[in-house]
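Participant: This is what each chain is made of:
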Amino acid sequence: MKRYWVRKVSVVGVAILGLLFLTLPFISVTNAATIKVGLITDLTGAAFVSAKDSADGAKLAVERMNAEGGILGNKVELLVRDSALKVDLGVSHARELILDQKVKLIVGPISSGVRLAISDLCRKHEVPLIDGIGGSVSLTRDRGHDYFWQSANDTDGESYTAAVGCSKFKDVKTMITLAPDYVWGREEVDGFKRAFKKLRPDVQILENFWPKLGEKDYTPYITAMIAKKPDLLYSVLYGGDWINFVKQATPYNLFKKMKVMCFAEASCQQGLGKEAPEGTWGFARAPAPSIQTPQMNSFINAYKEMIGKWPTDTSVTTYDAFMIFKYGAEKAKSTDGPAWVKAMKGATVETLRGTITFRECDNLSNSPEYIGPLVYDPKYGYVVFKPAQAIDTTPARLTCEEVMELRKKAK
Amino acid sequence: MTFVTFVNQFISGATYGLVLYMMALGLTLIFGVMSIVNLAHPSLYMLGAFLGYFIWFSLKGYFFSFWLSVLLVGLVVACAGIILELFLRPLREHTEQILFTYAFMYIIADLVKMFWGGRYYTLPRPPGLDGSIIVDGITLPTYNLFIIGVSLLFALLLWLLLSKTKLGKIIRAAVFDREMVAMLGIRLPWLFTLVFGIGAFLAGAAGLLAAPMGSIGVGMDAEIMVPVFVVCIIGGMGSFLGALIASLIIGEVYAFGILVLPQMAMAFMFVVVVVILIIRPQGILGKS
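Chains as they are written, first to last, in the working numbering: chain D, 1 to 411; chain V, 1001 to 1288.
Next up, chain V with everything else stripped away, as it sits in the complex (with noise of 0.2 Å):
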């Protein structure tokens, strides 16, 4: 193995690794933060790429339109991530929170097809970030690498918001004791709500982040369901620094894998997998 094939394995390792990340902050937050495993986060997210299609479509022409699309679909998908959580507010139990949470993806998933359905769409990649940068042989899209950056921009953010504003210590707060916050005179109920709506803001967004590296269509959210929740269980549920490392561990093992034994890639990603959960079942950075 050369060193020029090293390096562009490793960055396509971490890429894989990052993007998978975007898609599982959001998950994350609500789970850290509610304890509520929302099946429905990939439809969310799926939700973020149809409307993204059609809102960037339509704001065509005028100056940063993807970036004011990326902000609207975000603040439209984060409405659709209130109402999901208004529903759920009532149940109590875990078993009814997933199972209503696996049929509201239903209902996302029938609604896409009403309206979209029976065909792939495809975005391009913005203006100045459709090509790529060449470094002693070392190729690097420059979408990949704002990606990565987004990610990572993404993740610092929440962490300033959750330890740096007095919001945050709300919710870290509620977190550790929900009855304290409450005595104190906190509503509760519509600090969810918020977190919620953060959470499918950023799947939403994710949505349409995601869109120019592969195709949009009916099918997506399954996709990425059972990488995105490995990422968060092995990560630690809740735990973003967890996620982080987790998604890099997966995508630097997978693209590795890919390299030196192919036709074993995905069985050395589950073994990975299998050995974090038995050495530590709670995750990386979970807590038992």
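Same shape as in the complex, but just chain D (with noise of 0.2 Å):
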């Protein structure tokens, strides 16, 4: 009888005992507060590539901020929703992450339409929303308000960019520009057209080209192109489509007929790695392996042995929109959201493109953007940038009284 209890007592406390292991770890957690931010991007869709690479970016800046002691000594843990490019999506995710999960922050999506959209829901709810992708420049303007935060360039600062460095061709006099047909890449060609008169009036458009967005074919367009014998082609394709366009046109020669200013983001170039074509100039966000800063060449090296792929533009901007956020948490002393966003109002913040700073008026950061010759580098199996030339956009933008303006029609 004495032997079934001593042995009923041991089995009792050894299990009392393995629950207490089992639980330690999750008491020790709960009491330690856990800040939670959200990445809302398309991952169902034509947009996986940049949202997985937008993804990945934010992996790598959670684990390194949770590496380094979080934000505030507070442990922070990265929720992930995929908005499928689809409005009532994003905001039903939008919706679930700020009201159920109580996220301090929200970064994302790489459609333009979804983002406006969420935008509406973090002022409402005063949650920051970091744009990292770059993207309409509604966002800023007639739509903008203190929670929205633009921290890669709008379509003004990118076609800016891309008139510069077109301006740069002394000997074109006429040309023909080539973008999807959707409100991005309308914005794109608007942009270009506006600040490409003031730096050259001399040089004449011959035709805008309209192809869809996922195009698969461009043989009909690359033929119309070549039948307009212009001196430069201004294209603002990116992704699948401008590897289709350019396997397309190789074998028309296209490239040796005409010189070329493309959106050169890095996913389309690494898909096409010795197949593209040499001696085009390109524009892009961040181009990282063209940016020589220390932080950039750690970024490069953890990122690679992290997803086992050297990264994108869109990696580069979405690490930079949650690293933003954990500068302005810091100095606010605080994670709420109006607090944040007084701290921030007109930050100057490091990032890994360098120091940018964000305008009070409208929450739109001097973020460089960079132009180049493509040259293939065989440490990366893809063309880069050879060398990088930041440019300063700043002058593409409207003047805050030109902004506020906007803003108060649109109410």
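Rather than coming from a laboratory, the hints here were simulated on the basis of the structure. Computed from a predicted structure; not experimentally measured. Ideal Cβ positions, reconstructed from N, Cα and C, are used throughout, including at glycine. There is no bait here: all hints are sound.
Straight-line distance between alpha carbons at most 27 Å, and here's what the computed DSS-like set of lysine-lysine pairs gives:
1. D:K36 / D:K331
2. D:K170 / D:K259
3. V:K1113 / D:K309
4. D:K59 / D:K102
5. D:K193 / D:K173
6. D:K259 / D:K173
7. D:K86 / V:K1113
8. D:K274 / V:K1113
9. D:K212 / V:K1113
10. V:K1060 / D:K379
11. D:K86 / D:K36
12. V:K1113 / D:K59
13. D:K197 / D:K257
14. D:K102 / D:K75
15. D:K228 / D:K257
16. D:K193 / D:K259
17. V:K1060 / D:K274
18. V:K1113 / D:K304
19. D:K36 / D:K59
20. D:K386 / D:K170
21. D:K309 / V:K1060
22. D:K228 / D:K256
23. D:K333 / D:K124
24. D:K259 / D:K229
25. D:K197 / D:K228
26. D:K124 / D:K411
27. D:K86 / D:K59
Facing chain V, according to a computed beta carbon distance under 10 Å, are these residues of chain D, among others:
28. L43
29. E215
30. I222
31. M225
32. G240
33. W242
34. F245
35. P251
36. Q270
37. K309
Combine the two chains into a complex, taking the hints into account.
Facilitator: Have a look at this one:
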């Protein structure tokens, strides 16, 4: 009988100890506050490759933050949601992240349309939304507000850079443009034409070509473009579209028949590898291998080790967006939206791309945009900017008064 | 417009149309015989491109490795198509079939993401087909000519299969009267599985054949979804010749639209689609 009780007590004792052992880590975690941050991105559909790069950049940012003690001594938890390029889905995820998960920050998504809708929700609930992708000017102009922050270039800054690059081709007299037929593509070309007309009024734009986003076969465009006999092509095709275009244009010797200035984000250059036409010029938001800073070199190596591939522009700008939030929270000594916004107004922040400053009136950063000739680099296995020149995009901005006037009209 | 520009643009239009036709062939076959609108067809095409990339690179160095890859990819994707058909078999309603193939589309997309996602892949043109022929100022990329030839060859082989063989006669009889064919002792389910397998084979082979002309990446299925269905619908669902005529009309209208008024090229194409559907709602060679 005694032996029976000894055995029973031992079993119960071991069980209690086991339970304590299992629950202790959770008890300690719940005692320490966790700061939740959200990334809404378009992992389903045509934007998957950029969205995945964005998610990988966010993952590395949060891992590095936690390795350095988190934000204000609290662990950071990343919540990733897939908006699948759909406005309703993006809004529903934003609502869930803000109201149920109580996130302190939202970054993303790829689609400017989805971002616009989420932006209104963030304003209502006083949660900062940092756009680390770069996109439509509406987000910082008529639809802008205190809780929307632009840490990469908008379409005006980007197209201004391309115009500056194109203006350097002194022997060019005629040109054509090529852009995907949706809001972003249209804004890029409009911005380019505005800036280029001032820089080079002597150049005639012969035609604007508008293939649909996701066009599979550019052959009819290529032959029509060659038939125009322009001196220069300005292209803002990206991702799989640019790869398709290059592969189909090469047998027609298009790249030997005209100068080319293209949107040269890394994911499509990585896809093209050695097949990318050398000698063309590119412009991009964050060409990682060509930005020579110790922070960038350390980021590139850490990213390659963690993800298994080289980072793209989107990986860099998303990483920066999360680090900007950390900087603001530490400056404000708080992660609450109003305090964070107050601390960040007009702030100057160190990023992988160097130091950037947010303009106080509209939270638009003076992020540089890069141009340069594209040259194959065997280390990376794709064409990179050699050398990259950072262009100051601030001349492309509207003045604060003009922005406020637009916002007043929009109300 | 000079003569050279006209011919260049005409050939561009034909290439555009016939690449679409190659992608649409399997879909037309499956609908024509089984009356199944297979929304997963573009996914099988994408699967073919991804599998093709890895199979071709694994076989590199062997003689005719590209052609062997096309065959192997076609067979693997045909197996995937057969699995899809086995699941589809109990579903008799069109809405059920559409929903099921739609779900399958997402399953394939997620599998592709899991195994290969996160970057774009590109295939070089196969040796011997990587140059161009220039005739009187008209540039003709050899791979484009090859694709035109392959599309027409596939169409011819399918026509021969359906018109000149015993199997083709059985398939055509099954389209006309399923019950009668079943009463003659022919196992219809296996016949349909075979047809679905051939359709999937064509989708997979088209995926690899079209890959050297562009990129391989997640989302390439969605890119071809609309144009491929447009070709099938305005050609008349199930009609090979109708799909061929439709693809050529679309290709040429699009090509000359780009030359004349680029900002309206897409609109021109869909105006033609609307006009055809108003005049012949069943499609150019479709049966009402």
